[in-house]
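J.: So you can see what is in the structure, the chains are spelled out below.
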Amino acid sequence: MSLDENKSGPLVTMRNISKRFGGVKALTQVDLDAYAGEVLAIVGDNGAGKSTLIKILTGVYQPTEGEIFVAGKKLVMNSHSDAIDEGIDAVYQTLALADHLDPASNMFLGNELTRSFLGITMLDNKKMRSETERVLFERLGVRLRSLDVPTSSLSGGQRQAVAIARAVYHEGLRVLVMDEPTAALGPQETARTLKLIKALKEQGLAVILISHSLDDVFEVADRVHVQRRGRCAGVVHISQCTQQDVLALIVGAEEAA
Amino acid sequence: MATATQTDGPTKFSDRIEPFLAIVGPMVMILAILLFMGVAEPARYFRLSNLNLILLDAALYMPMAMAMTFVITQRGIDLSIGSVAALTSIIMAFLIKQYGFSAPVAIAVALVLGALFGLINGLVITKFKVPDLIGTLAMDLVYRGFALVIAKGLVLARFPEIMTDIGRGQIPGFIPVPVVIGLLTMALGYWLLKKTYFGRYTVAIGSNPEAAEMTGIAVDRYKIYAYVLMGASAALAGIMLTGKLNAIQATSAPYFNLHVIAAVVVGGTSLFGGRASMLGSLAGVLLLSMMINALVTLRIEFFWQSVASGVVIVASVALYTWLQKKDRDGAKGFLAGLKTPESIRLLRLSGGLVAALALLLLIGTLFAGAPVASG
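For the protein sequence lines, the chains are A and B, in the order given.
In terms of my numbering, the first sequence is residues 1 to 257.
In terms of my numbering, the second sequence is residues 258 to 632.
Read the hints as simulated data drawn from the structure, not as lab findings.
Ideal Cβ positions, reconstructed from N, Cα and C, are used throughout, including at glycine.
Wrong hints could be hidden among the right ones.
[Unchecked claim] In silico lysine-lysine, BS3-like type, Cα no more than 25 Å apart, as pairs:
| hint | chain 1 | residue 1 | chain 2 | residue 2 |
| --- | --- | --- | --- | --- |
| 1 | A | Lys55 | A | Lys73 |
| 2 | B | Lys452 | A | Lys127 |
| 3 | A | Lys25 | A | Lys55 |
| 4 | B | Lys354 | B | Lys501 |
| 5 | B | Lys451 | A | Lys127 |
| 6 | B | Lys451 | A | Lys126 |
| 7 | A | Lys74 | A | Lys25 |
| 8 | B | Lys596 | B | Lys582 |
| 9 | B | Lys452 | A | Lys126 |
| 10 | A | Lys55 | A | Lys74 |
[Claimed, not checked] Taking CB as the label site, the calculated pair distances span:
| hint | chain 1 | residue 1 | chain 2 | residue 2 | range |
| --- | --- | --- | --- | --- | --- |
| 11 | B | Asn503 | A | Ser146 | 49 to 59 Å |
| 12 | B | Ala612 | A | Lys126 | 48 to 58 Å |
| 13 | B | Lys582 | A | Ser146 | 16 to 26 Å |
| 14 | B | Phe455 | A | Leu118 | 57 to 67 Å |
| 15 | B | Val369 | A | Leu118 | 23 to 33 Å |
| 16 | A | Ser146 | B | Leu390 | 34 to 44 Å |
| 17 | B | Leu440 | A | Glu171 | 35 to 45 Å |
| 18 | A | Leu118 | B | Lys386 | 52 to 62 Å |
| 19 | B | Pro598 | A | Ala184 | 23 to 33 Å |
| 20 | B | Glu467 | A | Gly22 | 53 to 63 Å |
| 21 | B | Val564 | A | Gln188 | 48 to 58 Å |
| 22 | B | Ala613 | A | Ser81 | 53 to 63 Å |
With the rest of the complex left out, here is chain B (with noise of 0.2 Å):
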């Protein structure tokens, strides 16, 4: 039947290793801190409980990353999760603490209220059509707003074995217990976008948004259940927060939001839709926890890693749109593409940038306080 062949296709260098892409940045960069961190504080960065006390930090955020690159994939984002996070396990702790729940129950609880909750987010964004910035934003104030009036104040604290377990535990010889968990909710989020019809129809909305309602995929239900996988995560990790902390308060959580998605777009997540990495996202939360304990070790004030955070975001998002252009451009080769004169202006623009952020360290240091007690 085979009336004309063509054979001719893409052999390309870079469209053979675009997968792996995603996972070279961030992994180039974790390189670097690596390095940096051998010349500056070879002892204390690469003592076994500080890499151990980098795995429990970022095994808080895996199971966050993992739902929060099917969110942005979608072209979505979810910007409630810290409330959610927090707003969840305050009802767990009262069950727990104060109506005698036992704590498999109330963390079951919890879980199910997180889903809840992402999908009244879902819902408001696909059938109100409050644009999901807005909407997940407006509905943060709303979830942190019931935590503060359930907690008032109250710090509850002092849980059952099995919360500390799940927050802080040690498997002996082996990784911490959130760990395991983490990097199972990693490898549930990578089977779910190679394997299932929520994966594939994930990236065919975030790619093609009309091919997709063309072919005759429920767009909204998709999009509903990565709020719901949203919602569920967020609850998960308040759970893992309560536990490690052996404590929790109505303000707790507060950088969740900014963080996994800074890790998310680290790793190669496109925040315009259809290019996910799951690899991706648990290298990027890796990369975050790695930056911020190396800030601590090196004796870096608390609130620069905030200004750390923001600078990563920023740089990341700025650096991969930059890539996508040069290769809508056609531009051959990494080196070729900085040559040209649209490039040259913004390479002298972040040079500009990388200036004044400078100028602004320096004055930072400068004017800083000495760090002083409070009260």
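The shape of chain A in the complex, shown without the other chains (with noise of 0.2 Å):
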């Protein structure tokens, strides 16, 4: 299943994933594969299990069963921050801003630069607009004309830009999940998320897209995993199917006919 242009093997290898939560079973011995350089898309109808499985990932879930592999080393992740200090992160739905902030204060929320002054520590405020002013745009090709106006002033495609902006700023990110990333968005944000997803593969980022838009999908993604049932019901190459193909998989009408 290996693309030819990934001789070194994946990046993210997930083997026989099971999850259960009490009697119901979540996931079914899952196989996923996350190539460096590549988005892969998961897609699948609600309660197919994609965002259990993305969960496990992301260390907020520990799997019943299966292993995860992340450049040829075994994982154990206990907590979400254990995934983040393996270079495994996610940008959510919801973004995680706090509208009332500023974009720069957003992107180091949790996690601020600080300097020191006569013994006492405090907010380094002018550093650290400087560095999201860097890092969206040496990163995301993003410039806002100005980083003193709260977050919720900004459009939804620049909200979703600061939210990327604060996982990529952690120099060991291999690996981006994004949940949902264009569902709250029109048209002209969307292709600028997409954009933006399109720049993070291009530096190298395993990018897992999960997306209920297969145009969305078809636009950006080289791969696509479909879920449906807690089971994978095949992986495709986005230019050998057609968006038809994929759907069939979704509802699983190959297996009624």
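Both chains are sitting in their own frames, so use the hints and assemble them into the complex.
T.: As structure tokens, this is what we get:
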């Protein structure tokens, strides 16, 4: 299943992942591979196990069975911060932004830069601002006209960029999971967010995109991992199939036929 | 590396002046009072000694308004500050008068006790999950009860000079000592808000509690810090009040809560969290003191102050809520926002309320008995 252009092998490998919540089987023996410099889309109906799968990858849930390898190293993660230490982070649909704070404060929220003056530690707002400006432009190609405004006054795409910038500021970031990034956006903002995703891919990150929109998926993804009823219903290359094929996998039409 | 450049951003004038809007509201009202008093009673209102009185009154509320700005920004409220002030100063007074403690030591004890009471409030709210409104209202009864138990009906009076210096001392040719103390606490608050983890996380918690939790902020801990600061500030206000009156009793400082909350809210700090304005709180404190002083100067009965404070609170919260809703609905400009059907209904309602208030005012002045000396 490996791509020709990725002879080095997958960056992320999940093998035989199962997850049970009490008697409910959320995932049954799912395999997943994600490559550096690639966008892997995960699609599927509600309750197909997409969220559970990525929550296991980001350390929020622990798998009942199965193993996770990143760059060949087996990982045991007990919390989301363990995943961040391993270079795996996620941007959630809600973005987790404090709307009243400016973009720089949001980007460094919980991870502020400080300086010492007369032995008193205080926030280094100037440094955080310049770092935010730099990361937004160099990594995401976004330049805000003003960094002095509350985040609530930014557009949906710009807010997304701030949330992504928070994740990519971590130097060791290798895998970025994006949960429904375009769900709440208009067409123009969606196009911008998809551009951001392409930029991240070109920078060598493995991007895992969860989306309900097959249009978006066919716009940016290289491969599609289809979940159905807790199992992997198939992995297809975008270049070798149509939206109809993917849709058939999602609803299980091929099995029925 | 840049593959896409997005340069369109918010450049609207309203976005840029947004941080200063909070200060504009109280400033306009302060100007209105100045204008009105300039016509009605210029000679007595603008006397230097009267301006000094206004500042002296405002100074008392500055430390509490500073701390309350943090509490309210975190979507909290503290209704126990009057009782905390009374209880800590009663204990301080007893330490000085009955047990011969030196005043500085007793003052330090009062401040530590205030912080401790704040800590108790914070723990009740974060650990026992008692809603802040009920929690601090109940603790208000507890602290007031203790103050009454300790002091009974006693009025403790005549303290060492250092106390009266704190409460009403005057720096020759300059402003009163308590005003210096008050302004210093406001400056400290401004610094805490802009330059420390505490200030940053306070805004984050009030703005989006879930996001604050997700980014690893210890939400409960920073909430407790705010209540500790509130308790210590209330104790400081109690000390300043004791010094100002050179006397204290268990029933002192009954209206601290609402007065301070009014000042903070008038200053543009949002009761719904996330929006803090330390400068606005300072302006709010000054505004309320000027308003009350104006009522006194116009020889309006003391009890009308309570009516005025209540009206100011309701009016300013309603106004700020309406402004926020207008922004959310995307109405362009102040006048356009007023012309929506809903706003017109609201205007009619407020017109009716103002009329009712005017009627009450009329009834009040007609039927109020002439002030008589009690006893």
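J.: Please write out, lowest number first, the hints stated earlier that are contradicted by the structure.
T.: 14, 18, 20
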